[in-house]
Every structure is written in C-alpha cells, then in structure tokens.
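Peer 1: Here are the chains, one letter per residue:
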Amino acid sequence: MKFLFDSDTWQEIYGSIRKNKTRTVITIFGAFWGILLLVGLLGAAKGIENGFNSMFGDFATNSVFMSGSKTSKPFKGFQEGRQIDLTTRDVEKIRSEVEGVEFVVPRNVTGSQVVYGLKTANLTVFGDYPLLDKVQKKKLTAGRFINQQDINENKKVCVISTEVYKQLFDKNEEALGSYVKINNIGYMVIGVYKPSRFEGTNNIHIPFSTFKLVYNQGDKFRWMVITGKPEYDIEQVESDVKVLLSSLHKIHPDDNRAFRGFNLGKEIAKVTGFLTGMQFLTWFVGIATLIAGVFAIGNILLITVKERTKEIGIRRALGATPRKIRQQIILESVFLTLLAGSLGIIAGGLILMAIDAADLLTNPTVDIPIVLIAYTVLIVLGTLIGFIPAYMATIIQPIEALREE
Amino acid sequence: MIRIENLHKSYPIGKDSLHVLKGLNLHIKEGEFVSIMGSSGSGKSTLLNIVGLLDTHDEGKYYLNGQLIENLNEKKAAVLRNKFLGFVFQSFNLISYKTALENVALPLYYKGVARKERLEIALEYLDKVGLKEWANHLPNELSGGQKQRVAIARALVTKPKVVLADEPTGALDSTTTDSVMDLLKEINDEGMTVFVITHEEEVAAQTNRVVRLKDGVIISDELTQVETKTAKAI
Numbered sequence: 001m002k003f004l005f006d007s008d009t010w011q012e013i014y015g016s017i018r019k020n021k022t023r024t025v026i027t028i029f030g031a032f033w034g035i036l037l038l039v040g041l042l043g044a045a046k047g048i049e050n051g052f053n054s055m056f057g058d059f060a061t062n063s064v065f066m067s068g069s070k071t072s073k074p075f076k077g078f079q080e081g082r083q084i085d086l087t088t089r090d091v092e093k094i095r096s097e098v099e100g101v102e103f104v105v106p107r108n109v110t111g112s113q114v115v116y117g118l119k120t121a122n123l124t125v126f127g128d129y130p131l132l133d134k135v136q137k138k139k140l141t142a143g144r145f146i147n148q149q150d151i152n153e154n155k156k157v158c159v160i161s162t163e164v165y166k167q168l169f170d171k172n173e174e175a176l177g178s179y180v181k182i183n184n185i186g187y188m189v190i191g192v193y194k195p196s197r198f199e200g201t202n203n204i205h206i207p208f209s210t211f212k213l214v215y216n217q218g219d220k221f222r223w224m225v226i227t228g229k230p231e232y233d234i235e236q237v238e239s240d241v242k243v244l245l246s247s248l249h250k251i252h253p254d255d256n257r258a259f260r261g262f263n264l265g266k267e268i269a270k271v272t273g274f275l276t277g278m279q280f281l282t283w284f285v286g287i288a289t290l291i292a293g294v295f296a297i298g299n300i301l302l303i304t305v306k307e308r309t310k311e312i313g314i315r316r317a318l319g320a321t322p323r324k325i326r327q328q329i330i331l332e333s334v335f336l337t338l339l340a341g342s343l344g345i346i347a348g349g350l351i352l353m354a355i356d357a358a359d360l361l362t363n364p365t366v367d368i369p370i371v372l373i374a375y376t377v378l379i380v381l382g383t384l385i386g387f388i389p390a391y392m393a394t395i396i397q398p399i400e401a402l403r404e405e
Numbered sequence: 001m002i003r004i005e006n007l008h009k010s011y012p013i014g015k016d017s018l019h020v021l022k023g024l025n026l027h028i029k030e031g032e033f034v035s036i037m038g039s040s041g042s043g044k045s046t047l048l049n050i051v052g053l054l055d056t057h058d059e060g061k062y063y064l065n066g067q068l069i070e071n072l073n074e075k076k077a078a079v080l081r082n083k084f085l086g087f088v089f090q091s092f093n094l095i096s097y098k099t100a101l102e103n104v105a106l107p108l109y110y111k112g113v114a115r116k117e118r119l120e121i122a123l124e125y126l127d128k129v130g131l132k133e134w135a136n137h138l139p140n141e142l143s144g145g146q147k148q149r150v151a152i153a154r155a156l157v158t159k160p161k162v163v164l165a166d167e168p169t170g171a172l173d174s175t176t177t178d179s180v181m182d183l184l185k186e187i188n189d190e191g192m193t194v195f196v197i198t199h200e201e202e203v204a205a206q207t208n209r210v211v212r213l214k215d216g217v218i219i220s221d222e223l224t225q226v227e228t229k230t231a232k233a234i
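Listed in order, the protein sequences are those of chains A and B. Per full-length UniProt numbering, the very first residue in the first sequence carries number 1; after that it's consecutive. Per full-length UniProt numbering, the very first residue in the second sequence carries number 1; after that it's consecutive.
Quick caveat, the hints were computed from the structure, so don't treat them as lab data. A couple of the hints might just be wrong.
Below 30 Å or equal to it, Euclidean Cα-Cα: the simulated DSSO-like pairs (lysine-lysine) are [stated by the list, open to error]:
id, chain 1, residue 1, chain 2, residue 2
1, B, Lys75, B, Lys161
2, B, Lys214, A, Lys324
3, A, Lys21, B, Lys132
Cβ-to-Cβ under 8 Å is the rule here; a few derived chain A residues that face chain B [said to hold, decoys possible]:
id, residue
4, Glu12
5, Ile13
6, Lys242
7, Glu311
8, Ala354
Bear in mind the structure is a predicted one, so any value in this text is a computation, not a measurement. Glycine residues also receive a C-beta, built at the ideal position from the N, C-alpha and C atoms.
Working from the sequences, and respecting the hints, build out all of it.
Peer 2: Quick look at the structure:
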C-alpha cells in the first residue's frame, strides 16, 4: 500500500487526468450526478419531514381527541339523539381503568370578546389544566403557563398567544401583569406563548376551574386529549376508552356516533408511513443512479484503455510492470470517483442551501454519517469497477500495442 | 552482450504455423554498432521483439548480458527491459500528453527514481541530444527528427546496455535521417551497444556491422567499409 502515499503515483495520475480534461469531465459526470441526486433528494425528503414535524410542533403525537356527541341508537330505554356530555368523573374513570393511558386532559372552550383598554378582539377562550402543557407543549416567550395553584384557587389569570398579544397590546408593551377583560371580568396575563402551526392562533387560556365557575359548566367539559404511553397502541387505547365511556353513559355498544374523536396518532402514522416510503424511494433512486454512475466510469475507463493501448504498450516497453499499469488504472478510477463524489456532495449541499435560503422546505439537511456512507460506497465501487479496465490493460501485450499500422 | 544460439520462432496461423526464424546464431559484443537488414517478412522485427524481451522464442538460447533468458514472466521482463534495454521506434511512440522532458523521465519513474532527480537526469539527456530548449514542449510541437531525438534520449536515460532501434529513420527524410544516425553513432562512440533494424542500405552502411536476414535465416554477416576505414585510420 506504500504506493498510495507516494507523491509520484499521484503525480502520474494527476498528469494523465489533467491532460485529458474532456474525457475526465464526461467520465465523472454520471457518478457526480448520482451523488448529487442522492444528497439533493435525501435533503428534500428531510425538509418535507421537518415541515410535517414543525406543523405538529410539540404535540404529543400518540394522542386522541375526544368529545361527546349525539347518540344514534336507542339503548336501555333512552331515545336516540341524546346529547352525551363528558364529565370530570369520566376522566377519573379513564385514568384508573384504561390500560396504557398516560394523560387525560379535559378542556373547555367558548368564543368571547376580549377587551384591553380601547382594543377588542374575538378570541377562543379555553379552560385548561396545567397538564395541557405536557401534551401540547407551549413555547412560552414570557411568563408561565397555568399551574396547579391557579386551579386550586380559581384564579383569574390567563395565558395568551403571541397573535393575541399583537391584537391587544402595542408593540413592546409589557403584557405580563396587565388585566384583560373577558365578559367584563378582568384576568391578569401571566404568560405569552408562540402557537404551533397545528393549533389556532387567537387563543386565550384560563384555569379549568375558573372557566367552570364563570361559565357555569358544572362537571361537564367540551373535549379531552388522551395520550397513550409510548409502548401502547393509541388505536387500542381509543377503543378501550370508547367502550368504557359507552358503558358509563349507557350507550349502545355499536353506536359509533356518540363520541367524536380524532386520532392524531393514527393520522401521523399515515404521514410517517408516507415519509418512510419517500425516503426509501430516495435511497433507491439515489443508490441506483450512483451505481449507474460508477458503471459509467468503469465503462469509459474500459473504452479509454482500448484508446490508450499504444500508451500502455509504450509504458510496458519502458519497463512498467503489469502491476504498475494495473495500479495506475485502478487509482485513476478511484481518483475519478473521489472527484465525482466530492463535487457531487458539494453541489448537492449548495442546492440544499439554495432551497433553504428560498424557504421552500424546512431545514433540508442530510446527516454527515449518511453522506460519508454514500461517499465510502462510491469509492469502494469505484475501486472494484476499476479492476475491470485494469485487467484489460494488463493483458495488452506490448508487442501488439506497438505494432506499426 | 547479446548471444543467440539456434533461435527458432513460429507463429500459429490457423491450423498451420508460420516459421519465422529458422535457427539464428548471432553474437553481438559490447560496444558494437550492428544493423539487421532485410525486406519485410524476413523476420527482422520478430528478432528485435525477442531480443527486446517483448516476445518469447520457441527454441534455442538467448543470453542478454550473460544471463540466459527463459521462463520470463511479464514482471521480470519489464524489469529487465527497464534495466538493460532502451527502445527507439519508427513512429517515435512518445506519450502525446506528456512534455519532452516528462517523456524522457518516464523510464526513470518505472525504475523508481525520485521525481526531482529524474527530471534533472532527463534534462541532461535532452541537452545531450540538443533539445534542452524544447524540454517543455509537447510531442506534437516537435518535428519528426526532434521527436526521434527525444525518443533516443528516453532510450538512453536509464543507461541501458543495449539500444534497440526499430527502423529509427523509417519516418524521416534524408537530412534528418543523417542527423539521427550521427546521433546513434555518437552514442556508439561512447561505448553503447546499438542494434538497428532497417531495410535501407544507406542506413545500414552507416553502421559497423551488417547482418542480412532473408526468410528467417542469416545470409550474410560482414563488417562494413566504414568500419574497415576507421580501423585502418587507427
């Protein structure tokens, strides 16, 4: 392997490559294109994935949203069309009886006009528990989210989104500690958060207990977020919860209209499946192109060996051993793949940077280890494919090569 | 230097075989300037290929520098070629994308001489053939005579025992032919064994010994007038 570190070896290869520029460019184009495509596609796929992820934000992805609706079947003496209201007792039951449930977060909601000074805004008012922060992480830009003490003492406090802040407050005005009025009741602002793309923007959150008193809700609430423990199947959890609620509320077991639910876990699984498929396709196309590129290098080197028969014959007559000739052709192949790979990765990186700068995708990136793996695969293939033209070069007899036409 | 005993060589042509060399005996001593004359098909190129270790013989014995040549593999042949032989071809056979200097230095590369040193040596030999100023020119920027002189410098650069020239003037006009032959003579005067293959009487006449080959056998082997004249002068 000593020859690898011999500057002469490389000088000789550099010479033969530099002086045949057109040939070099044509040779490496295929492999260059292959790795460019691989890097570009992987980056784009990652960008799309990042896009989805940022849309879901910090929502617990294995969660299901559930609310009561109207029954569609008569059962145990009840007429159909009965309104089902979820209550905090249901929450307790679900927590204690359904396996695999991590959090159950009941929520209340109403629309209302909110006033601050001379400004008003039509907002969605939520009654929330501190737990909401666990399942739909709130990115607070100032202050804090509702805590257990707020719940216990039915405090008149609220957390607003940055959008609401813009509507009600002047720029740079301190919001924390000011009072906004909802239905003529003043609430002190204790936190401001940046909403994720998946939820609405005109939101204002007050403690669940305060909401219950102010809007006279009793134990009822509008909907709940149930998250499953990571090792449990969220669809199973959802159906277990429905069975439990059906028996609690005396609903026909086959009545699938009594509860409305949106299984976020299931929807996300679909998207993730799509993304996985897309990544697989990317790899497949990228690797296939890469292999085609390497074969193109082998092919063109094979042609050039024919073309260089005379040169090889001369070198042999001047004392080049078959080993030297073989070395040179293989190293030319390795060098060309290396060059193609490096240029392809750089160009792919530039394209991803351009896509990022144009904000077409969210952070289109490729992991360094993946790039290194692709690079290594390319070089290994380049070496292996180089053996074919190298072998063809060594079976050229100098006497044949030097024969005068 | 070169001793050939009862050398036979035939090439298979379909089912038959063509007997090209039919028992040659030849002894070339160190410092001789020998030409092999013969028309095409006489077997002179085959002889040169065997002497140049580019081809193998079927029968007989071939000693190069006292060493019996047998069972050579490609690698050994390459090393011996590099060590003992320098080639000059009819069509020059310079590598087109290398400069004159790089062409001359190439055999030294295969000998394992360091880059700086081999470029120095190569320049020295280019100077010797009068082409120092043309060192960085590519072959297609040189005239035929200049190309052949570069090729001669390349043949000499490894300090071989024998220079083998296959129709060295075949592609040249008469003026350049003379200058190339003068150069070969000069080299010979310095003690190098020179072995020329030609079909031109004028070229053969400038060497010291002419071996005539016809249909694979040596028909005559005599010293030329030039030789006798020089001998007389001495």
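Peer 1: A separate judgement is required for each hint: does it hold in the structure or not?
Peer 2: Now for the hints, and whether the structure bears them out:
In summary, the hint linking Lys75/B to Lys161/B is supported, as the alpha carbons are separated by about 19 Å, within the 30 Å threshold. Between the alpha carbons of Lys214/B and Lys324/A the distance comes to roughly 38 Å, so the proposed pair goes past 30 Å and is violated. Distance restraint check for Lys21/A and Lys132/B: the Cα-Cα separation of roughly 28 Å lies within the 30 Å cut-off, and the hinted pair is therefore satisfied. With a cut of 8 Å, the hint placing Glu12/A at the interface with chain B holds, because the nearest CB-to-CB distance is about 7 Å.
Annotation: interface hint on Ile13/A violated; nearest CB of chain B at approximately 12 Å, more than 8 Å. Proximity of Lys242/A to chain B is violated relative to the hint, the smallest CB-CB distance being about 79 Å (cut-off 8 Å). Because the smallest distance between the Cβ of Glu311/A and any Cβ of chain B comes to about 6 Å, under 8 Å, the interface hint for this residue holds. Interface restraint check for Ala354/A: the shortest CB-CB distance to chain B comes to about 37 Å, outside 8 Å, so the restraint is violated.
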